[in-house]
Amino acid sequence: MIIGIDVGGTHADGVLLQGGTILAKKKVILGGEALEESIITLLEALVPADKNRLARIHLSTTLCTNALIQDSLDRVGMFIQAGPGMNPEFLRCGDDVCFLSGAVDHRGQVLRGPSLAEVEEAAVVMREKNIESVGVVTKFSHRNNEHELWVRNKIADDFKHISLGHRLSGMPNFPRRVYTTWLNSALKSRFHLFRKAMQFGFSRLNIDCPCYILKADGGTISFDGACEFPCQTIHSGPSASVMGALALIDGKKDAILLDIGGTTTDIALLADGIPLLEPYGASVGGRPTLIRALLTRSVGLGGDSSVSWRDGSFRIGPERHGAPMTFGGAAPTPTDAMRVLGRINEGQKAKARQAMEMLRPGEAAEKTAEELLQCFADRVYEVVDGMIEEVFSRPVYTVSDFLEREKITPENLIVIGGPAAALQSTLESTFHLPCLVPADFEVANAVGAARARLTVQASLYADTTQRRLAIPEISLLESIDKGFDMDSAELRLEEAVRMLARDLGGVAPSQVDFIERMQMNTVRGFATTGRIISLKAQIRPGLTEITE
Amino acid sequence: MTLFMPQARRKTGLVLFPAFDWCISPSHPEREERLLYTKDQLIEEGLEDVANIHFFNPEMALEEDVDRVHLCVPSAAELMTTSHFISTGGAIRAARALMDREVERAFAIVRPPGHHAMQTVFGDRGFCIVNIEAIMVEYIRKHYGVGKIAIVDTDCHHGDGTQDIFYNDPDTLFISMHQDGRTIFPGSGFVDESGGPSAPGYNINIPLPPSTSEEGFDTVMERVVLPLLEEFQPELIINSAGQDNHYSDPITNMNFTAQGYARLNRNLNPDICVLEGGYALEGALPYTNLGIILAMAGMDTSHVREPDYRPERFVQSAEMNRYIEDICSQAIEVFAGRHEAKKQFAGQEQVVERKRIFYDTTMFQAAETRVYHLCQRCPGYTEVVAEGLHQHVHGFTVPFNACGSCSSKAKDSFAKTDRESDTVIVLQDRYAGIFERK
Numbered sequence: 001m002i003i004g005i006d007v008g009g010t011h012a013d014g015v016l017l018q019g020g021t022i023l024a025k026k027k028v029i030l031g032g033e034a035l036e037e038s039i040i041t042l043l044e045a046l047v048p049a050d051k052n053r054l055a056r057i058h059l060s061t062t063l064c065t066n067a068l069i070q071d072s073l074d075r076v077g078m079f080i081q082a083g084p085g086m087n088p089e090f091l092r093c094g095d096d097v098c099f100l101s102g103a104v105d106h107r108g109q110v111l112r113g114p115s116l117a118e119v120e121e122a123a124v125v126m127r128e129k130n131i132e133s134v135g136v137v138t139k140f141s142h143r144n145n146e147h148e149l150w151v152r153n154k155i156a157d158d159f160k161h162i163s164l165g166h167r168l169s170g171m172p173n174f175p176r177r178v179y180t181t182w183l184n185s186a187l188k189s190r191f192h193l194f195r196k197a198m199q200f201g202f203s204r205l206n207i208d209c210p211c212y213i214l215k216a217d218g219g220t221i222s223f224d225g226a227c228e229f230p231c232q233t234i235h236s237g238p239s240a241s242v243m244g245a246l247a248l249i250d251g252k253k254d255a256i257l258l259d260i261g262g263t264t265t266d267i268a269l270l271a272d273g274i275p276l277l278e279p280y281g282a283s284v285g286g287r288p289t290l291i292r293a294l295l296t297r298s299v300g301l302g303g304d305s306s307v308s309w310r311d312g313s314f315r316i317g318p319e320r321h322g323a324p325m326t327f328g329g330a331a332p333t334p335t336d337a338m339r340v341l342g343r344i345n346e347g348q349k350a351k352a353r354q355a356m357e358m359l360r361p362g363e364a365a366e367k368t369a370e371e372l373l374q375c376f377a378d379r380v381y382e383v384v385d386g387m388i389e390e391v392f393s394r395p396v397y398t399v400s401d402f403l404e405r406e407k408i409t410p411e412n413l414i415v416i417g418g419p420a421a422a423l424q425s426t427l428e429s430t431f432h433l434p435c436l437v438p439a440d441f442e443v444a445n446a447v448g449a450a451r452a453r454l455t456v457q458a459s460l461y462a463d464t465t466q467r468r469l470a471i472p473e474i475s476l477l478e479s480i481d482k483g484f485d486m487d488s489a490e491l492r493l494e495e496a497v498r499m500l501a502r503d504l505g506g507v508a509p510s511q512v513d514f515i516e517r518m519q520m521n522t523v524r525g526f527a528t529t530g531r532i533i534s535l536k537a538q539i540r541p542g543l544t545e546i547t548e
Numbered sequence: 549m550t551l552f553m554p555q556a557r558r559k560t561g562l563v564l565f566p567a568f569d570w571c572i573s574p575s576h577p578e579r580e581e582r583l584l585y586t587k588d589q590l591i592e593e594g595l596e597d598v599a600n601i602h603f604f605n606p607e608m609a610l611e612e613d614v615d616r617v618h619l620c621v622p623s624a625a626e627l628m629t630t631s632h633f634i635s636t637g638g639a640i641r642a643a644r645a646l647m648d649r650e651v652e653r654a655f656a657i658v659r660p661p662g663h664h665a666m667q668t669v670f671g672d673r674g675f676c677i678v679n680i681e682a683i684m685v686e687y688i689r690k691h692y693g694v695g696k697i698a699i700v701d702t703d704c705h706h707g708d709g710t711q712d713i714f715y716n717d718p719d720t721l722f723i724s725m726h727q728d729g730r731t732i733f734p735g736s737g738f739v740d741e742s743g744g745p746s747a748p749g750y751n752i753n754i755p756l757p758p759s760t761s762e763e764g765f766d767t768v769m770e771r772v773v774l775p776l777l778e779e780f781q782p783e784l785i786i787n788s789a790g791q792d793n794h795y796s797d798p799i800t801n802m803n804f805t806a807q808g809y810a811r812l813n814r815n816l817n818p819d820i821c822v823l824e825g826g827y828a829l830e831g832a833l834p835y836t837n838l839g840i841i842l843a844m845a846g847m848d849t850s851h852v853r854e855p856d857y858r859p860e861r862f863v864q865s866a867e868m869n870r871y872i873e874d875i876c877s878q879a880i881e882v883f884a885g886r887h888e889a890k891k892q893f894a895g896q897e898q899v900v901e902r903k904r905i906f907y908d909t910t911m912f913q914a915a916e917t918r919v920y921h922l923c924q925r926c927p928g929y930t931e932v933v934a935e936g937l938h939q940h941v942h943g944f945t946v947p948f949n950a951c952g953s954c955s956s957k958a959k960d961s962f963a964k965t966d967r968e969s970d971t972v973i974v975l976q977d978r979y980a981g982i983f984e985r986k
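Residue numbers (the numbering used here), protein chains in the order written: chain A, 1 to 548; chain B, 549 to 986.
Next up, chain A with everything else stripped away, as it sits in the complex (with noise of 0.2 Å):
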């Protein structure tokens, strides 16, 4: 068994589940105690009788987008080596930061080391600012991460969180990893702070099982591993929710999933089935990272967004002024329009109807909520419609991927959240697609939390000209001979897929998924001197299978 937990804005679900059955479900309204607490007192009532029969806990967390925002965040440190390039100054963290001179070029050769004075210097000035969390960031560190291993070194014994960048990710991309970076430093003791009292829960209530926490690629972490790298673990709400509408609708086709709230309404994509991933990483709080995260979309419209009606067209949202008028507020609301159209049969009519009649007075209130509930779905359909377009145009660099791009054709919608149902004819006609509004969705997101499993992603630079070969993700980098290969790099990586498995989900993964295979041989003069190798590999964000 499997509890599923998902923390949201204003309450958390949780869902105790047998295989793909589910048991148990409780809801709690998250108010003034500590999350903590809440997490608990849910954990508390799913608990099985039988407590050797639960087998894990998965958790998504708001914790650290409320970090942010509350800007509890840790004061942070920060070593930045940016060589030939943009001027960095852009990357000032806050105020502690030390650019550090010296540079590793493209092709993960050292141009020149920092100073040592230079780093003990900073370190001494964020020692006496109480700094107890810092980070390192060097250009190309994913090709090559000797410096941000030469500065650790030195600093060690003087701070008590060291996030390295080339750690949190494989991928290029200088600017995401300084954030990505700092990010992860200034979450650290907020997340520890978090674990002891999760542990503390455990014990008061006798559970010894393992807890894995969420992440915004819609995979999940250890506890362990999420106490190391908590940036990963940011906008796991979103990623709860895709995976809860995957796992209550099974489909390997294209499909675009919508989950429509009160105030706004997330999309995700589906290809044969499979969530499709940002090409580099999550925006958190406006700084783009490398985390590793779903593609989603927020559009600011539900079904409680504030309505009006100007120059022949309404406007919909973003902002939402209290309860639709059926449920006694103020304002008319798409929620009203479903009311006066019989889709939901909650709330009063004759409010809804008046909410109609505000919005255009002298037009029959089943028209203007007919129109009304089209504009929502038009709305939809133009952002879902920019988004197959934006995945569509992503940069390619061959010919073969430049012949064989293809774009998205979804084939069905999948919908979720309180609206769900009652839009789905709109949606229907809108998109001209079936639209599947699965059994349960109102806990969606909390068996999403539950089903959802480890991933993870290694990537591998060899350049046997060199002879050196990265992947960043497990630090490791080493020589190799001149006949290092393709196959030799598939090994490795796997290899390094499987470790970093062990690490931070103690699981072995089901299947190691190659991509982004790059293979060029290097030339001097007329000579052949090497070649350069890339590749990626990953265990993709899926459901676990249902065995038990």
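If you're looking for bench data, these hints aren't it; they were derived computationally from the structure. No false leads were mixed into what you were given.
Label-pair ranges, simulated between beta-carbon atoms:
| # | chain 1 | residue 1 | chain 2 | residue 2 | range |
| --- | --- | --- | --- | --- | --- |
| 1 | B | H576 | A | K482 | 18 to 28 Å |
| 2 | A | G386 | B | G693 | 29 to 39 Å |
| 3 | A | D401 | B | E901 | 38 to 48 Å |
| 4 | B | S865 | A | S393 | 49 to 59 Å |
| 5 | B | S969 | A | G273 | 57 to 67 Å |
| 6 | A | E404 | B | E783 | 33 to 43 Å |
| 7 | A | E495 | B | S575 | 27 to 37 Å |
| 8 | A | G483 | B | G735 | 40 to 50 Å |
| 9 | B | I572 | A | E495 | 35 to 45 Å |
| 10 | A | G19 | B | S575 | 57 to 67 Å |
| 11 | A | K482 | B | I572 | 20 to 30 Å |
| 12 | B | S575 | A | E389 | 33 to 43 Å |
| 13 | B | L774 | A | G386 | 34 to 44 Å |
To give an idea of the chain B side of the interface with chain A (calculated C-beta under 7 Å), a few residues:
| # | residue |
| --- | --- |
| 14 | F552 |
| 15 | S575 |
| 16 | E593 |
Beta carbons: idealized from backbone N, C-alpha and C, even for Gly.
Let chain A serve as the given structure and place chain B on it in line with the hints.
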């Protein structure tokens, strides 16, 4: 836009297409690896996240885009690979992004390049089969009605293909600065190659001595390029942005830098850049391309320096400075004398020109005769007869800025020309939008 990423002052579009799976041959400078390190640098810099910088995929150019400019023998489809259609389409995509106001500046970082491809094409010369800038220029004229365009070629090699295509067009000011043709391929590009009878003085060559450095290029910009552009008042400025003047380029002998390229582009302020040559894959291209992009976007370029950059290595001797100043004066005179030069053709009905064109990639010569049919009202139409690899082409080309009567004359001549078994006969009328072969 976020507070956390810098913002480009000018909205800038990049078509980055390194064609990692295409080469002329495995050890050729134009091989898969060419833009590998450039792409790595640009991506690592995070340019994709810079506010106001937008990346576009290329598109496929159409055969009609190519046929508007070239006389390909036997045909465009038979000479070009898919990569050529994509790199041409990359330049076109950059132009569309600009003309449709998606961006204010655009840079096509694509390969293979194009500036050695002349009007008649029998094969690959100087790593080029079709002239991607020229195709882009005529695309812009056709679809957006732009007339006056300046092309400034900053590749180390003379842009002989572009010169050839626009040689008789007074609405195209072509300026090429390059290493002196006596010391490097293609061996042309001297000051006296100054334009056809309808456009004398609109083709400006500035042959520079080997080892020309930042100072030399600054002088050329200040004394020639900027004043000429000021006077010509083009609607668009295009930079044929080769980067092989770099001090570390393996197939040239110049002494230019990333800082220099950035400054040149800041001063030139081109609407569109199209990558041409540049073969120092590791030590130059990642930095020169970044410098050009940041300059176009109006961003800080002060940190874009090659790892081994030492300013003292780029000081020119007084003698070299004087030599370059002298070349600049000659170039200015060519342009200043353009109206006078035109008078010498007054009253002539046609001017004949013969040349031999060397195709270095597969080593053969083509022979070409060009007859400029002059007109009082317009640049007139051109008749081209060329032979290469035992194939013949006989073309009648009417420029976009021709008059109706020249268009009809070319059409009549085409109609009267008898079909021959080993000759492609072509009517290429940009004025009327007609392309016919028989």
